[in-house]
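Colleague: Position one of the sequence shown corresponds to residue 2 (the numbering used here), numbered consecutively onward.
The set of hints was computed from the structure by calculation and includes no laboratory data. Check the hints yourself; a few may be wrong.
[Stated by the list, open to error] Distance windows between CB atoms, simulated: (1) K69 / N36: 28 to 38 Å; (2) I38 / F64: 14 to 24 Å; (3) Y41 / F68: 13 to 23 Å.
Positions of the beta carbon are idealized from the N, C-alpha and C atoms, including for glycine.
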Amino acid sequence: FKSILTRRNNRSILVEVLGEEDLLVLPTMMFSPDNTIIIYGQPDWGLVLIEIDSITRKTALNFWALFKPCIKQIHVDEELDINEELKV
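Required output: the full structure, derived from the provided sequences and hints.
Modeller: Here it is, written out as structure tokens:
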């Protein structure tokens, strides 16, 4: 994510995620300049290619706004049952 925010001089960058990080696409869409191409794998479908413009950026911002925090602030003397909190 830092690579996206600190991109300089209109140089191209490649961000390769080893493993699974589905949510990285949203901030990449939100902070990349127009004409950026984002390619990622979609299980059981293949590759997804997105070209960034004002519409795709606004779509990403709208999705991001739907997220709600899932971390409960607790006091040090309070016990937290993580399975209960996450409804596992």
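Colleague: Provide an ascending list of the numbers of those earlier hints which the structure does not satisfy.
Modeller: none
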